[in-house]
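A.B. asks: What follows is the residue order along each chain.
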Amino acid sequence: MGNAVMHVVGRRLDVAAIRKDFPILERKVYGYPLVYLDNAATTQKPLAVLDAMDEYYRTINANVHRGVHYLSQQATEACEAARALVAGFLNARHVHEVIFTRGTTESINLVAASFGKKFLNAGDRVLVSAVEHHSNIVPWQMVCEERGAALSVIPVDENGELILDQLDQLLDGVKLVAFNYVSNSLGGINPVRQIIATAHRHGAPVLLDAAQAVQHLEVDVQELDVDFLAFSSHKIYGPTGIGVLYGKEEWLNKLPPYQGGGEMIKTVTFEKTTFNDLPFKFEAGTPDMAGMIGLGAAIRYIQELGLTNIHETELEVMQYALEVLKEIDGFRLVGAMDAHHRAGVISFLVGDIHPFDLGEVLDKQGIAVRTGHHCAQPVMDRYCIPGTVRASLAVYNTKSEMDRLAAGIKKAAKLLG
Amino acid sequence: MTIKEQQDEYIADFEFLEDWDQRYEYLIDLGKKLAPMDEKDKTEENIIKGCLSTVWLSAEYRNGKVCFSADSNTQIIKGVVSMFVHVFSGHSPQEILAAEVYFVEKIGLQSYLTSNRSNGLIAMLKQIKLYALAYQAKSLQQ
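Those sequence lines, one after another, are chains A and B. Take 1 as the starting number for the first sequence in my numbering and just add one per residue. Take 1 as the starting number for the second sequence in my numbering and just add one per residue.
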């Protein structure tokens, strides 16, 4: 197992040492050292995660919670230890407030389906924001249609900031508010505390999509007083296929189960099934054991580095990136200009160059960025653009990689200009 | 120039260019030189499905020959589209249907496009052949 704590020097992180924890970063692409700037889509995995999963399969693999045998008990302990790590990471009041899902999308679908079934009626409304990922729009649209409810939207201004002047009026008749902490397409940090407090004044619970937040900022669910929070493991250095839904105990107890199957039941007869307690009520079927353990290892890795240190380190690279990119002719940042108001993401356009063309030419130089609408078409419509180029940072990105990005863009602009 | 000759010319041009950036420059240049498509032909129906970039393709049948016109909202793809237009335009439906298409693979055009975009190449080729098929059927009826 890696010892990430060694990479912390005072409050600075030794990024060169951190990079050694990520074997994939040594790859060359088209003969160039890889510059991986698609971290908002998925981050790379440190050895600590790879080793933990390998170790799980090599030594304790067994189905959890049911077996009386030794391996099953060890696997159960390891998986439940991972749940406790997640609970600590989010500062949840109870470990059983952490539900494992397949990812942010499934977490949101779970709440939409279960909450909708019990609490949404004809004429009710669900409030989302204008900077949501499709996965925090579509599940609500689906359940609203089913229940005869409607979707309302918090608007966004030119700088990518949510307009909250009308929030009180918007909350009228709203049964639940769902929005993201950090926008995946623009990177803006939303005023979560203000929105949560206002929603609560109107009696509406809040679901926070923290998929782009938990890897960059400290998140404390009790301090935020948020009712539900979702994130994905693979965006915080953990394995794919697993994610988390945090829910306040009182809310999770009120919601009906999402899926039926093994694990989530207490007793089953053909006449009546009684459901298991939290968290198992929401975890039908055999869970992703290796995933839970991998996610646990990722969280331990992040905690050893320290989220405040991660944030400071990334902020410095982000500020540097914005400085060098601003010098490029025709460079246009989409969203907030100030690095302090954004986490992880730089969304931009250069002159009239189509984002696909720019992305293609960057790729040929070994620079991996995202191009397109980033699963947030309504955001792109708001700015009347077909999409952007998105460079997104992780803790292992360096200033010299930002120089490579800037040089790559200049080369592309020369070719495509 | 026959369909084969035009393909061979493109293959030779790409072989001559050694660096990836020179090849992109060539593609982008081909796109710039492509005859402009009539705006009224840039309709929803003329959009090739399967392209991540927007590509419009339309065809006309004149004196027994099929003439293609096309456009794209992205420069690199427009270069590729231009190659397709030049390879197939001005030939009879029979020639287009019988043609062996090898320049895409020989040049390795797929490697110049991310896989999502190279799927669009197949869609474009299919649409060209469908136009030829439709005009062949029409010519047989006359």
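Honestly, I wouldn't trust all of these hints.
[Claimed, not checked] Pairwise CB distance ranges (calculated):
| no. | chain 1 | residue 1 | chain 2 | residue 2 | range |
| --- | --- | --- | --- | --- | --- |
| 1 | B | I122 | A | M6 | 21 to 31 Å |
| 2 | B | L97 | A | R58 | 52 to 62 Å |
| 3 | B | E15 | A | P191 | 53 to 63 Å |
| 4 | B | Q110 | A | E26 | 23 to 33 Å |
| 5 | A | Q169 | B | D19 | 54 to 64 Å |
| 6 | B | T43 | A | K414 | 46 to 56 Å |
| 7 | B | D38 | A | E146 | 43 to 53 Å |
| 8 | A | K272 | B | I47 | 31 to 41 Å |
| 9 | B | T43 | A | E145 | 37 to 47 Å |
| 10 | A | S400 | B | D13 | 48 to 58 Å |
Rather than coming from a laboratory, the hints here were simulated on the basis of the structure. What you are looking at is a predicted structure, and each value in this text was computed from that prediction instead of being measured. Cβ coordinates follow ideal geometry from the N, Cα and C atoms, glycine included.
A.B. asks: Each hint should be assessed against the structure and marked as holding or not.
C.D. replies: For each hint, the structure was consulted:
Checked against the hint of 21 to 31 Å, the C-beta distance between B/I122 and A/M6 comes to roughly 51 Å, which is inconsistent with it. At roughly 57 Å, the beta carbons of B/L97 and A/R58 sit within the given window of 52 to 62 Å. In this structure, B/E15 and A/P191 meet the distance hint of 53 to 63 Å, their C-beta atoms being roughly 58 Å apart. With their beta carbons about 26 Å apart, B/Q110 and A/E26 fall inside the hinted range of 23 to 33 Å.
Checked against the hint of 54 to 64 Å, the pair A/Q169 and B/D19 passes, with Cβ atoms roughly 59 Å apart. In this structure, B/T43 and A/K414 break the distance hint of 46 to 56 Å, their C-beta atoms being roughly 34 Å apart. The hinted range of 43 to 53 Å is satisfied by B/D38 and A/E146, whose Cβ atoms lie roughly 46 Å apart. Checked against the hint of 31 to 41 Å, the C-beta distance between A/K272 and B/I47 comes to roughly 55 Å, which is inconsistent with it.
Hint check: B/T43 to A/E145, Cβ distance near 31 Å, so the stated range 37 to 47 Å is violated. Roughly 36 Å separates the CB atoms of A/S400 and B/D13, a value that falls outside the hinted 48 to 58 Å.
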